[in-house]
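Please take these sequences and the hints and turn them into a complete structure.
Here's the letter readout for the chains.
Protein chains: 2
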Amino acid sequence: MSIKTQKIFEAEFLLEDMREIIRKTSPHSAFSKDDKIQFNEKLKKLSEIVEELRTNKYTELKIKYITNGIELRTREEDFINIHPIQAAGRLTLEARKALISYGDGYSTCDWCRKPFRLDKIHRPPIDEFHSELAEFVGMDQARVVPGARRGFQAVVSSLIEKGDSVLLSAISHYTEFLAVEDSGGTVKEIPLNEKNIVTADATVQKIEDVKKNTKKLPKLIMLDHFDYMFGNEHDVYGIAKVANEYDIPFLYNGAYTVGIMPVDGKKIGADFVVGSGHKSMASVAPSGVLATTDEWASKVFRTTQMVGDITGRKFGIKEVEMLGCTLMGGTLISMMASFPKVVERTKHWDDEVKKSNQFLDEFLAVEGSKVISEYPRKHTLTKVNTTESFDKIAKTHKRRGFFLSDELRKRGIVGEFAGSTRTWKLNTYGRTWDQIKYLGHAFIDIAEKYDVPVKANKQGQYSGDV
Amino acid sequence: MSIKTQKIFEAEFLLEDMREIIRKTSPHSAFSKDDKIQFNEKLKKLSEIVEELRTNKYTELKIKYITNGIELRTREEDFINIHPIQAAGRLTLEARKALISYGDGYSTCDWCRKPFRLDKIHRPPIDEFHSELAEFVGMDQARVVPGARRGFQAVVSSLIEKGDSVLLSAISHYTEFLAVEDSGGTVKEIPLNEKNIVTADATVQKIEDVKKNTKKLPKLIMLDHFDYMFGNEHDVYGIAKVANEYDIPFLYNGAYTVGIMPVDGKKIGADFVVGSGHKSMASVAPSGVLATTDEWASKVFRTTQMVGDITGRKFGIKEVEMLGCTLMGGTLISMMASFPKVVERTKHWDDEVKKSNQFLDEFLAVEGSKVISEYPRKHTLTKVNTTESFDKIAKTHKRRGFFLSDELRKRGIVGEFAGSTRTWKLNTYGRTWDQIKYLGHAFIDIAEKYDVPVKANKQGQYSGDV
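Protein chains in written order, with this note's numbering: chain P, 1 to 466; chain W, 1001 to 1466.
No lab work stands behind these hints: they were computed from the structure. Don't take each hint at face value.
[Said to hold, decoys possible] Computed cross-link-like contacts, BS3-like style, restricted to lysine-lysine with a CA-CA straight-line distance of at most 30 Å:
1. K1410(W) to K120(P)
2. K1267(W) to K1378(W)
3. K1266(W) to K1211(W)
4. K1266(W) to K347(P)
5. K24(P) to K1267(W)
6. K314(P) to K1378(W)
7. K62(P) to K1033(W)
8. K1114(W) to K395(P)
9. K36(P) to K24(P)
10. K1024(W) to K24(P)
11. K44(P) to K1455(W)
12. K378(P) to K267(P)
13. K1195(W) to K318(P)
14. K1347(W) to K1437(W)
15. K1114(W) to K4(P)
16. K341(P) to K1024(W)
17. K1062(W) to K44(P)
18. K1455(W) to K45(P)
19. K378(P) to K437(P)
20. K370(P) to K449(P)
21. K1004(W) to K44(P)
22. K1033(W) to K1045(W)
On a predicted model such as this, the values are computed, not experimentally measured, just so you know.
Structure representation (structure tokens):
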């Protein structure tokens, strides 16, 4: 761990210690003698850390655990993290600040008034946020949900009866499978073409197959715009059009798009748009969004109709599939605090794609390394194959595939799938150009260290860099 | 806002600004000239705040918003918050620290390895935490879920078919209603007795009624140990026994117990125990626990059986009702970090009940004020009626019922239902004895200010205190 990173955490923890004393003595911080001693002691330590940071001379006090076996997590400070699913869920600075203030349980509910529903709260402006969120994905209405999967579940549970067919792609995420299974429906997969892409033609074919075999049309089509496996783009426009022609509702799975690139659900022709907060909207897990049209809202966001048989109780505007309120604290606050930057960053998606390709240009300079995803990339998530490059080293290295992890870690890079030197995934989302260059150079440098051939024009340039 | 509180936040935010620079320049904090200037500027400001805190002399820079319409939240620092549902969800110091480190999206997944399921992760020790959690509530197996409601949903969805009856109490939480409605089942309410308590006898009677009217037994009984309305204790032991005799599964709703008082599910005779992280386990929302016996685990935590019709894909040990992983970030980390203190605090539940009654002793010294919950209290959540005391003032006060909120706020107390001077709820959980005394005195002081009669032995003592 870098000492600077550690000192930042130490300082924040001291401030939290001080905050705890204030909490215990609220409302007027009536400190006891002991409180004063404690408070001043923490303040003194804080002052020392500030001085250490100023002079860049540190007392080495290694904090491993925050508490109870939970290690200090510094992967985003001390490393370039290329983990395939962590990249776009990193909190923004604003979300981290807001979370410090709003961590407590029901922290968003201070001003909850009639009609007592999360998306109706004015302060913080949760109601406004919901409108903006719907607009952001080009739909009429939106709700926050505990992860994209809970969005799938809400839609499937509303639309699917036992025995109904739901079309997913042959490369759909497992959570779509589970949502269908839970509803009693049956999954039917749309095959990929030879380029690992789901097409409109294949969708038509599958619809016809289902119709022929079950005598019924599928009740729903769910499609990942970019899939989790290759990060390939699938023909959501074409497939939405097909769905529309057959009058089958279409769910656009934007777990890998909403929050990082522009998404316009109505333009696509989607009936439902689902996004993930912790995957692509710089938010605390579990969080996400389910958006829909006014037409479908009355079904998927239907309010409770049940009446207590003795009391006659009704619960008014509580929505059945949402189970009432969904994200009533830090998760939602992180979504809201990150939102302006998230909106802004989708406008610069082109740059992210450029950086992704720029990195891969270096990565592919190592002979034998391949990109399995469609290439050039249209996304920052990429599946690579290093069987013909780094895996050859792994075969005889005493650390086997872990040699690559070791070498990457030495260079401050984490998030690869530890031990894998054949096919694995990485994600460059949100890295600066400097970090992108560094990352590419690192792979070349490792290759050269182990005498894996490197393309002539990239040879021997980077050993000083990394 | 107290200036001390604000300075603590300001200091933490500056440290987050510095952390952001470290993140942007990872892995080696290779600061550009501008980064250095920025970093040092933040450090200088931090140093000034430390000095201000030391000398207790402040520059008044009022921060209202953290970002984007989100106000700085200082209800737990500057006030005694008596909000009925926020008290036991306040984060522990440990959770706040851990959250600073683990806010990012999938932060708990750094070391996720085969078989790729949240509750199997060793580092941080999520697997161990799950075992401890099960043991903590006296059950065999436990899973974390996005709120108690998602625990109800998982059980109901597993057990209930369209048309089945589910027994709830006439005072059950609305989320139990919604879970049943979502499954297509029908709610049947067990009536309360004259003391607003659900008894075993009433349960037997209701089971027999349902049997007579529907020719079938109810498929599930869900009961809140302490309810959300009065915080009254219901006969979970007796009702579990009845459920057992009829061979009807019994779900113990511990949203107001698990995490604040000892709960032993097996001793109670429960088949399922559900708890709430953000309500009673000092955790970020949405979070909670669903625990069960080995017998029921195979049903409620059943793994996916579906197979892709083209690919033959299966998703192994992913659990259908959990939709795979549930709380893969800050929510879970807050539960884990708070857990040791949460376990410890349940051992001191008696003290919390004593404090609750101690406060009410003062509260009831205001003539006309009543406790509607069972009394003496067995819980810290209490429903009170001030129609015959403070509401009389509200009738002619220009601020109507808000006069009471105003007076409380002046004394550093928030969390009452703003504007209500008839029946309303409060919760004293987790307050120190000093805060409890202060709270009681405040109500007497307000009464005296408005000439509401106060019992003789409590008169005129507190105006200096509050």
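Consistency of the hints with the structure:
Straight-line distance between C-alpha atoms of K1410(W) and K120(P) comes to about 28 Å, which keeps the hinted pair within the 30 Å bound. Restraint check for K1267(W) and K1378(W): satisfied, since their Cα atoms lie roughly 20 Å apart, inside the 30 Å limit. For the proposed pair K1266(W) and K1211(W), the alpha carbon gap of about 27 Å is at most 30 Å, so the pair holds. At most 30 Å may separate the alpha-carbon atoms for a hinted pair to count; K1266(W) and K347(P) exceed this at roughly 55 Å.
For the hint pairing K24(P) with K1267(W), the CA-to-CA distance comes to about 35 Å; that exceeds 30 Å, so the pair is violated. For the proposed pair K314(P) and K1378(W), the alpha carbon gap of about 28 Å is at most 30 Å, so the pair holds. Annotation: proposed proximity of K62(P) to K1033(W) holds, straight-line Cα distance about 29 Å (limit 30 Å). Among the hinted pairs, K1114(W) with K395(P) is consistent with the structure: their alpha-carbon atoms are about 21 Å apart, no more than 30 Å.
The hinted pair formed by K36(P) and K24(P) meets the criterion: a straight-line CA distance of about 12 Å does not exceed 30 Å. Of the supplied pair hints, the one linking K1024(W) and K24(P) is violated, its CA atoms being roughly 36 Å apart against a limit of 30 Å. Proximity of K44(P) to K1455(W) is assessed by CA-CA distance (about 48 Å); at most 30 Å being required, the pair is judged violated. Note on K378(P) and K267(P): the hinted pairing holds, with a Cα-Cα distance of about 20 Å set against a maximum of 30 Å.
With a CA separation close to 28 Å, the supplied pair K1195(W) and K318(P) stays within the 30 Å bound. For the hint pairing K1347(W) with K1437(W), the CA-to-CA distance comes to about 22 Å; that is within 30 Å, so the pair holds. As the CA atoms of K1114(W) and K4(P) are separated by approximately 34 Å, the hinted pair breaks the 30 Å bound. Pair hint K341(P) plus K1024(W) holds up; C-alpha atoms about 15 Å apart against a cutoff of 30 Å.
Distance hint between K1062(W) and K44(P) is fulfilled; the C-alpha atoms sit about 25 Å from each other, no more than 30 Å. At roughly 50 Å between alpha-carbon atoms, K1455(W) and K45(P) are farther apart than 30 Å, so this suggested pair is violated. Among the hinted pairs, K378(P) with K437(P) is consistent with the structure: their alpha-carbon atoms are about 19 Å apart, no more than 30 Å. The straight-line distance between the Cα atoms of K370(P) and K449(P) is roughly 19 Å, inside the 30 Å bound, and the hint therefore holds.
For the given pair, K1004(W) sits about 16 Å from K44(P) by alpha-carbon distance, which is consistent with the 30 Å threshold. Under the criterion of a C-alpha separation no larger than 30 Å, the hint pairing K1033(W) with K1045(W) is consistent with the structure, at around 19 Å.
Of the numbered hints given earlier, the model fails hints 4, 5, 10, 11, 15, 18; all others are met.
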